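Line order of the protein sequences matches chains A and B.
Under my numbering, the first residue of the first sequence is numbered 1, with each subsequent residue one higher.
Under my numbering, the first residue of the second sequence is numbered 265, with each subsequent residue one higher.
Note that these hints are calculated values from the structure, not bench results.
None of the values given here were measured: they were computed from a predicted structure.
Every residue gets a Cβ at the ideal spot worked out from N, C-alpha and C, and that includes glycine.
Hints are not guaranteed to be accurate.
Stated by the list, open to error - From the structure, some residues in chain A lie toward chain B, with a derived Cβ separation under 10 Å:
| hint | residue |
| --- | --- |
| 1 | M1 |
| 2 | K3 |
| 3 | R9 |
| 4 | N18 |
| 5 | P114 |
| 6 | T118 |
| 7 | R200 |
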Amino acid sequence: MKKVWIIVRKEWAEVFKNRFVLFTVGFLPLLFTALPLIMLYATRDSAVFSGLSTTDMPSGFMDLCGEDMNVAECGQYFMISQFMLLFMIMPLAIPVTIASYSIVGEKTTRTLEPVLATPITTIELLTGKGLAAILPAISATWLGFGVFAVGARILSASPIVLGRLTDGLWLMAIFIVGPLLSIAAVSVAVMVSSRANDPRVAEQLSMLVILPLLGIFFGQITGLFFINDQLILWMAVILLVVDAGLVALAMHLFQRETILTRWK
Amino acid sequence: MIKTDSLTKQFNQVLAVDQLSLEVNAGEVFGFLGPNGAGKTTTIRMLTALIAPTSGTAIVAGAELGKNDYQIRKGVGILTESPGLYERLSAERNLDFFARLYEVEDVGTQVERYLRMLDLWDRRQDAVAEFSKGMRQKLAIARALLHEPQILFLDEPTSGLDPEAARLVRDFIAELSSEGRTIFMCTHNLDEADRLCDRIAVFNGHLLALDTPSALRRSVYARLVVFHLRGVHPGFVERIEDFPFVRSVETVEGKLVIGLDEPEENNPIIVRALVEMGAEIQFVGELRRSLEDVYLHLVNSHDRESDETR
Chain A
1 MKKVWIIVRK EWAEVFKNRF VLFTVGFLPL LFTALPLIML YATRDSAVFS
51 GLSTTDMPSG FMDLCGEDMN VAECGQYFMI SQFMLLFMIM PLAIPVTIAS
101 YSIVGEKTTR TLEPVLATPI TTIELLTGKG LAAILPAISA TWLGFGVFAV
151 GARILSASPI VLGRLTDGLW LMAIFIVGPL LSIAAVSVAV MVSSRANDPR
201 VAEQLSMLVI LPLLGIFFGQ ITGLFFINDQ LILWMAVILL VVDAGLVALA
251 MHLFQRETIL TRWK
Chain B
265 MIKTDSLTKQ FNQVLAVDQL SLEVNAGEVF GFLGPNGAGK TTTIRMLTAL
315 IAPTSGTAIV AGAELGKNDY QIRKGVGILT ESPGLYERLS AERNLDFFAR
365 LYEVEDVGTQ VERYLRMLDL WDRRQDAVAE FSKGMRQKLA IARALLHEPQ
415 ILFLDEPTSG LDPEAARLVR DFIAELSSEG RTIFMCTHNL DEADRLCDRI
465 AVFNGHLLAL DTPSALRRSV YARLVVFHLR GVHPGFVERI EDFPFVRSVE
515 TVEGKLVIGL DEPEENNPII VRALVEMGAE IQFVGELRRS LEDVYLHLVN
565 SHDRESDETR
């Protein structure tokens with residue numbers, strides 16, 4: 001474990017000197033936290049939703065809101081819950097950027113060979129690189145969500161909406177599904193990095209991992225399905241299995257010999 | 265220190281290293297010469313437990329390759345073909361990182377020691393990106409030494425350096441050798457190999473020759489002795505050619521160039537014969553064949569043999 005932290009500290013010291021990575025890790029959480037808060041602020045006056053009827057929302061969303069919410073509150077929750085998905089995009093996008101620069105960067109500067117020549121195991125090296133990418137992403141997501149929770153308390157007119165935005169569903173999405181998404185993103189980035197020679201190409205290809213999440217976003221907007229406890233629970237279970245497979249595959253692709261002889 | 269037995273590495277259809285068997289003694293500077301693509305880097309990577317051999321065995325620093333790779337990595341230092349330093353990090357941070365990976369006990373002291381030794385202490389806080397090629401190479405050598413390895417593998421240590429930086433690196437290698445470290449060095453610089461190495465292996469996929477630089481010269485070429493005379497008479501050549509130990513006689517620009525196996529034994533006989541024939545000998549000297557001649561002869565002969573067998 002000691003060597004894992006040695007790797008993590010080195011990665012942070014190096015990767016965060018890259019302005020693009022710094023911008024992504026710093027700016028993305030700011031933007032993604034501000035957007036739902038701005039939306040909450042813009043819709044805090046119930047007059048905004050005064051003309052809203054149940055037909056204006058995807059059928060079934062009212063069922064999700066339950067009987068304790070009126071149409072205006074449900075409308076506000078519907079609008080803001082779209083932006084809540086940004087808190088799930090953060091743990092995907094940030095580690096992809098860090099991992100792409102960290103792994104392809106090593107490839108282009110040929111720094112991996114001296115590291116592999118030290119008494120470090122592949123698992124220690126990959127865990128270190130993975131954690132260096134995942135930890136800032138999760139921290140930024142959780143911090144962003146914390147800021148949102150405090151901001152929502154100040155800005156929300158309805159305690160019912162506020163309660164729903166910070167209920168078990170979203171806590172599970174942010175605190176369990178978020179880290180699982182990060183692991184998937186890093187594993188994909190490691191795999192893509194073994195083929196790409198440019199960090200930007202690796203990053204763009206790895207970003208494809210966001211597509212399923214965008215599917216959920218559009219699915220909710222079009223009323224195909226809604227984010228509820230069951231969906232989040234299924235996401236967690238599926239991600240757990242997918243992560244196990246992706247991590248195993250990434251480890252398999254990250255062979256010392258392949259790295260030294262074919263990573264060019 | 266290093267012992268390999270039929271060490272072989274095959275990448276798909278390409279046989280990179282074929283049945284390499286050699287021994288490197290403790291404290292020896294061992295040169296590993298060969299053309300580009302000969303398999304030198306692959307050999308170093310196998311001996312440093314970076315890649316696994318397809319077949320064969322090797323003992324490196326007392327540990328068996330493939331069975332105790334962790335121990336091998338701990339016991340050897342490697343200067344890779346490219347310095348491979350983290351350019352955004354400072355020189356000190358680079359060494360600190362590797363010292364910790366090598367489980368060095370007193371990281372700070374050891375990092376300072378090598379930064380001072382290689383004259384980089386004053387630039388320790390500067391990012392490596394600002395360093396010259398020579399400084400990077402010195403830093404990479406320092407990195408390879410941080411954990412005080414028993415064996416040091418150097419892959420093209422002076423490649424791409426200007427003459428001054430190359431000399432600094434060479435002097436440092438000589439200093440390391442005087443400390444009794446075992447050094448396994450791949451190089452294209454034959455003059456460097458000649459000056460630094462106790463023994464040299466000429467390698468091109470498989471071992472072509474292995475010996476001391478002077479023995480390699482002898483094995484390929486007779487030693488040439490030049491007799492500077494005041495006027496060469498044609499009779500001199502005929503007389504000298506009659507000696508059974510003479511391998512060749514040539515007249516070059518008024519000098520007699522004679523190929524001999526043992527000049528120390530043969531020269532007095534030749535001098536006596538020339539004087540008896542009335543030759544006026546001005547001085548006698550040995551014409552030393554360069555290691556480059558020997559190397560090219562060995563590699564080209566091997567290439568010709570390979571072409572013929574095809």
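The hints, checked one at a time:
1. M1: violated, 13 Å
2. K3: holds, 6 Å
3. R9: holds, 8 Å
4. N18: holds, 7 Å
5. P114: Since the shortest Cβ distance to chain B is 5 Å, the answer is holds.
6. T118: OK, holds: T118/A within 10 Å of chain B, min 4 Å.
7. R200: For R200/A, the interface hint is violated, since the closest Cβ of chain B sits about 17 Å away, which is over 10 Å.
This entry does not satisfy hints 1, 7, going by the numbered hints stated previously.
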